[in-house]
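Colleague: Sequence:
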Amino acid sequence: MKKIGIVGLGMLGNAVALHLLDSGFEVTVFNRNKDKTIQAKEKGAIVVDSPKEVAKKSDILIIVVKDADAVKQVSFGEDGIVNGENEKLIVADMSTIDPSESKNISEKFQEFNINKLDIPVMGGPNVAITGDLVMMVSGNKESFEECKNIFEKIANKVFFLGDKGVAHSVKLAMNLQITMLALALSEGITLVKKADVDPKIFLEILNSTYFKTGMSKNKAFKMIEGKYEPTFTLENLKKDITTMTHAAKSLGIKLPMIEKAEEVYENAVNEGLGGIDYTGIIEYIKRINKSK
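Residue numbering for the sequence shown follows this note's numbering, starting at 94 and increasing by one per position.
Think of the hints as simulated: they come from the structure by calculation, not from any bench.
Note that the coordinates shown come from a computational prediction; the quantities given were computed from them, not determined experimentally.
Check the hints yourself; a few may be wrong.
Claimed, not checked - With beta-carbon atoms standing in for the labels, derived distance ranges:
no., residue 1, residue 2, range
1, Asp225, Asn300, 20 to 26 Å
2, Leu344, Thr302, 30 to 36 Å
3, Lys127, Phe304, 28 to 34 Å
4, Ser193, Asn233, 17 to 23 Å
5, Gln203, Asn300, 30 to 36 Å
6, Gln132, Glu235, 30 to 36 Å
7, Gly103, Glu318, 21 to 27 Å
8, Lys95, Thr302, 44 to 50 Å
9, Asp256, Ile294, 24 to 30 Å
Note that beta-carbon positions come from the ideal geometry of N, C-alpha and C, so glycine has one too.
Required output: the full structure, derived from the provided sequences and hints.
Modeller: Listed below in structure tokens is the structure:
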């Protein structure tokens with residue numbers, strides 16, 4: 094497999110495309126906003142005008158779009174992927190969507206004799222550009238084996254988890270962790286600052302314990318400095334949190350903390366903070382406390 098298609102060149106999709114081009118693959122791309130295809134085109138990507146054309150030119154087509162509705166639109170809408178009539182095509186969805194939606198989409202692709210894999214990832218464009226994502230895969234095992242060499246180029250760890258939808262469940266559970274970590278750091282920093290303690294001392298102590306995380310060692314210092322250059326926006330995390338709460342309801346379980354977090358993140362988006370990095374949730378915590 095040398096011919097790869099990518100539908101959706103946001104921050105993550107663009108970084109994946111650039112890395113695959115650097116790795117010697119033929120890459121065909123589509124994005125509704127053509128401006129977002131410029132970097133990939135300059136590096137040698139073929140830019141086309143529809144998902145259908147991407148499907149025609151690809152062995153594997155990676156979808157990286159906002160939500161399940163967008164996945165369905167690029168897949169089954171006018172000039173969608175299935176209209177490419179490429180029955181040898183394997184579709185791999187990197188978007189973060191509800192597991193039940195993922196299963197339905199997979200079954201719809203089967204009607205066109207196309208296998209779809211779920212391939213959500215952990216890590217932002219800063220690690221996608223070097224091929225150091227962590228990838229969770231579910232779906233048809235034979236299709237996974239066909240694509241494995243490409244997935245191992247995109248990610249430094251690839252976990253095959255089983256039947257369709259499973260990878261998206263794990264992805265939601267992973268994003269639940271970063272939601273809570275960002276809130277915990279925001280509230281911890283706010284608390285110590287109000288107590289006239291240098292928050293860097295708080296982080297130094299935290300990072301000397303069992304409770305340290307990659308976020309507390311890296312992004313937390315930027316949070317103190319008010320630097321929120323987005324690798325994953327607050328608005329996108331809010332979208333994923335809503336997907337978590339919907340998935341929980343469909344499974345018949347109660348996740349009380351993520352329900353509370355959804356309210357906090359929604360308020361932050363309504364305050365105009367949606368476009369900054371998700372760790373900028375600290376700005377909302379500061380605002381409600383009228384602190385600096």
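Colleague: Tell me, in ascending order, the numbers of any earlier hints that this structure violates.
Modeller: Per hint list: 3, 5, 9 violated.
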